[in-house]
Each structure stands twice: as structure tokens, then as C-alpha cells.
Amino acid sequence: MKIRQIIQDRLFNKDFAIYDTNNNKVDCEQFRSNYLKTRAYLLNQIGRDGSVAIKLKKDHEYLMIMLACMDSGVPYVPVKENYPEDRIEQIKEESEFSELIDNEKLKEILSKDWGDYSEVELAPMDTLYTICTSGSTGRPKAVVVSRTSITDFWNWLDSYFPKIAEGDQILQVADFTFDISLIDVGLFLFKGASLHFSNFTGNIFTLAYEIEIKRISFLNTVVNNFNMLLEDSIFDRGDFGSLKSVVMGGGRFTYGLYEKCKKHLKTIDVNNFYGVTEVPVYSHAKRMSFNETDLHDHTVSVGSTLGSTTCVVVKDNRRVSTGEKGELYLGGGQLMKGYANNPEKTAEVLVEFEGKTYYRTGDIGFEDESGQFFVTGRMDDTIKYRGFRINLTDIDSYVHSLEYIQDCVTVAVENELTQNTTVAYVISKEDIEVEEFRKDLAKILLEYQIPEKIFFVDNYPTNNNGKVCKKTLRSQYLSK
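So the sequence shown is numbered by the working numbering: it starts at 2 and just counts up by one.
The reader is advised that the hints may include incorrect statements.
Dumping the calculated SDA-like pairs for lysine to any residue here, alpha-carbon to alpha-carbon at most 25 Å [stated by the list, open to error]: (1) Lys106 <-> Pro125; (2) Lys3 <-> Gln170; (3) Lys58 <-> Tyr210; (4) Lys164 <-> Asp10; (5) Lys264 <-> Lys338; (6) Lys385 <-> Tyr405; (7) Lys142 <-> Glu353; (8) Lys261 <-> Asp432; (9) Lys26 <-> Lys264; (10) Lys316 <-> Asp369; (11) Lys142 <-> Lys472; (12) Lys385 <-> Ser290; (13) Lys357 <-> Val376; (14) Lys3 <-> Phe32; (15) Lys326 <-> Pro344; (16) Lys471 <-> Gly51; (17) Lys81 <-> Thr22; (18) Lys26 <-> Glu62; (19) Lys357 <-> Thr128; (20) Lys468 <-> Lys316; (21) Lys472 <-> Lys440; (22) Lys15 <-> Glu167; (23) Lys338 <-> Val121; (24) Lys471 <-> Asn460.
Source of the hints: derived by calculation from the structure; they are not laboratory data.
All chains should be modelled from the sequences, with the hints used to inform the complete structure.
Put into C-alpha cells, the structure is as follows:
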């Protein structure tokens, strides 16, 4: 089903249930009225050749403008309400948006009549949105996404969750600047489920409270949030009996998290999704069976490709054999159009291989005999240490095999003597001395793989999307 059709069917053929961040049910007629005004403004004042940046609080008005953009064919650029002006300027330089819709601009839009609305024909490869991610230089990269990318993903999503229906309650946790938010939007549109906007900003007790009070049945958020939520001290205090399906993504699904899911969520539908912003929203999905098919040496499977997405494992410009590690290349209908105004960077990552275009993920992994994929690390996580080549994610995987370890993140900090200092930040379930921990590591790691510095911590710093921020971990070590 096409995006315009599903939006119009959902909004105008039947009442819907959206709850704002104050847990008030949004009035359907008022939402429709605001939607029609916004849609007319977009087409008559901005036009198909322009685009808008949306700078509002994550709530129903943000969603309303997004849907109006999707319907009218005017591309949008999601930004956060609290972004500083210099960040907005960088995003504008990269994406070249025409207009910024903030609270003041929205009031103006809703206060006027913008004339008649006449639908224009839309093509599958028309731009739907441009989303900015952090580049290695600190400047954002503007990923341009076509209508067909999200059409393909949403149609797959609809078929993957056949049991989600009108009675289900979805919690919108992710900000709209993070494309995993489109999972919740897609299920709201396709399934008729109720959509609740979350107030969660990092306090896990807030998330636990909302799940319980709102009787949430579908939860989609990053693995770091699930790691906190499934701690015995949190999970055992709440009532999460309403949960039916969960999607974990936006980071590495560790063995420690797998064990937590096995303990607390074994009776519900648990899914590990993998993907990159350049192939939105996800490219792989694994529905956990909690048996040996989920794992390979304590690495959790990311499953098989979804929809029209294709994945090949490449090493030295050749397709590797089954079980052999290489870089994951992603292709198919969900592939981005490119980086806005950056043909050089686009050419670096969109490459021709075996006559087709693929995105080079930079992730290392392999495909097993059954067609399941396993991501074992990042190419930029492979470093030289004392002359040896080691992969930091591999180290983390082995550390997770220790029963008393909850999580481990190993980073490298450059130095002149050994090229890199390896630093492990470890969350342990038990009190243990560093030297005892080192003795256990010596049983599972080669001598040069054992992290040079080890710190036990209670939690990890996270970025705006809830992912563990390794840059901050490196800075913390340098400041010690």
C-alpha cells in the first residue's frame, strides 16, 4: 500500500487514538482540521521543490506535520526542539531546507486559510525526508530517503506483525530525529493501534511507569533502554504483563541482554532488528526462539534480510563463502538516494558490486548455512595493539560469556607507545576485584586481547538516541 493512501485511510475513514505526552486523548476532528491546513500550506506555500524542517516537541503536532509532508509530497527534515542554533544552521547547510516550522510558525499556519489543496502525482523515488546523522568530522550527514524506501519497509512491517491490531497500545519512545520512530508510526497507520507519546528522556523508572499505567503492548526502543528495564531491580518492581511484542535495535544485542530476555520476556514476542540510517529503517530482523538458532559463540543473530533488502558479505572485493567474515553490503529498495549535496561521500559508501548498487556498512559479520546473519564488529573497531590486530567488539562478546557480567564496552585510546590503549568499561552483576576479573579473562582471551585498563561502572553515557556514547567513554579515560 502507498504512503498517501494509508495516511488518508487512517486519518479520514475512521476515528483514531493518539495520546499526547500529558496522556490526554487527541481530538480527532481538531487533528484533521489542523492537518488539512498544514497540508495546504505545505503544497501552496512551500511547494514540491522546497522542504521544511520540523522543530517541535515530540508530540502529536510533530506527527501531524510529518504526515502532512508525506501526503503532500513536500520533503521534511526532523530536528529536535532543543537543538542549538549552530546545529540548526549546520543541518540547513547540509539539507538546504526552505522553512523551519517551530511553535511560532505552526501557530501562524493554523491561524490562516491557505487556499484549496489539489493533489499532485508522486513518484516512488521522490524524496520523502532527509535525516541528519553525526558525521566523523562532527558535521551532520544529510541522508536523503525516497518514498519507496519507507513504503517497502512499512509494507514488510505490516506483514511481520500480523497479530498487532486496533486494541494494541504503542508507546512512541524514540524521537523523530531517529528513524526507528517510523516503526511506531507505521504500525499506528497500518494496524489502527493506539499511539501514546512517551515522556521518557533517560530515567528508566519513567519508562517502566508508562508501560504499566498505559498498558503498553508494543514497545520499540534501543537496546540500552531494554538493558536497564530488564534489570531485576526494575523489572521485578513493575507490572509488564501487558507487553506482547518488543523490538530492540539501535545498538548491539549483547549476550547479557539475551539472557535477560530469556529470563523475563521468554513468553512474549522478542525481536532483534539491525540496520543503518542509509537503508531505513532496518534491514534485518530476528524473532527470538530462545534456542541454539539464536546464537553463535555468544553472538546474537540479527536474522535474515527483510522485504526487498539484499545483503552480501564482502572481503577483498569478493563475495565470501558461508561462515566467513567480511563487510556487510546492503542493497535493494530501501537504499538511500545519497547524502544531500555531498557526492564525494555518497560515492565512498554507495558502490557497485556484481552489477548492483550497495551501501558499505562498515560492519563485520557473516552468514550461516540457514541464511541468518551475525554482526561481530565494526571495521573501525579493528585496531592495532602492540603489533597485533584485535577487534574490540570481539572482546566484548567473550566478556559477555562470563555469567556475572551484565555488559562490557571496550574502546581504544591512541597512544605513542603501543599505538592504542584498550580500555574496558564493565557493568558487573556481582562485586569482583579487577585482578580476579583479569584471571577469568585469561581463560577466554589471548594475552594481548585482555584490556589494558578496566573500570567497573554502574551505567554508560548515552547520546541523544539512547545509544552508548563511546566518544564520551574515551574522553572519560583521558580525563582520569
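Hint check:
{"no.": "1", "hint": "Lys106 <-> Pro125", "result": "30 Å, violated"}
{"no.": "2", "hint": "Lys3 <-> Gln170", "result": "24 Å, holds"}
{"no.": "3", "hint": "Lys58 <-> Tyr210", "result": "21 Å, holds"}
{"no.": "4", "hint": "Lys164 <-> Asp10", "result": "20 Å, holds"}
{"no.": "5", "hint": "Lys264 <-> Lys338", "result": "42 Å, violated"}
{"no.": "6", "hint": "Lys385 <-> Tyr405", "result": "29 Å, violated"}
{"no.": "7", "hint": "Lys142 <-> Glu353", "result": "21 Å, holds"}
{"no.": "8", "hint": "Lys261 <-> Asp432", "result": "19 Å, holds"}
{"no.": "9", "hint": "Lys26 <-> Lys264", "result": "35 Å, violated"}
{"no.": "10", "hint": "Lys316 <-> Asp369", "result": "16 Å, holds"}
{"no.": "11", "hint": "Lys142 <-> Lys472", "result": "18 Å, holds"}
{"no.": "12", "hint": "Lys385 <-> Ser290", "result": "37 Å, violated"}
{"no.": "13", "hint": "Lys357 <-> Val376", "result": "22 Å, holds"}
{"no.": "14", "hint": "Lys3 <-> Phe32", "result": "22 Å, holds"}
{"no.": "15", "hint": "Lys326 <-> Pro344", "result": "29 Å, violated"}
{"no.": "16", "hint": "Lys471 <-> Gly51", "result": "36 Å, violated"}
{"no.": "17", "hint": "Lys81 <-> Thr22", "result": "16 Å, holds"}
{"no.": "18", "hint": "Lys26 <-> Glu62", "result": "13 Å, holds"}
{"no.": "19", "hint": "Lys357 <-> Thr128", "result": "21 Å, holds"}
{"no.": "20", "hint": "Lys468 <-> Lys316", "result": "28 Å, violated"}
{"no.": "21", "hint": "Lys472 <-> Lys440", "result": "28 Å, violated"}
{"no.": "22", "hint": "Lys15 <-> Glu167", "result": "11 Å, holds"}
{"no.": "23", "hint": "Lys338 <-> Val121", "result": "21 Å, holds"}
{"no.": "24", "hint": "Lys471 <-> Asn460", "result": "13 Å, holds"}
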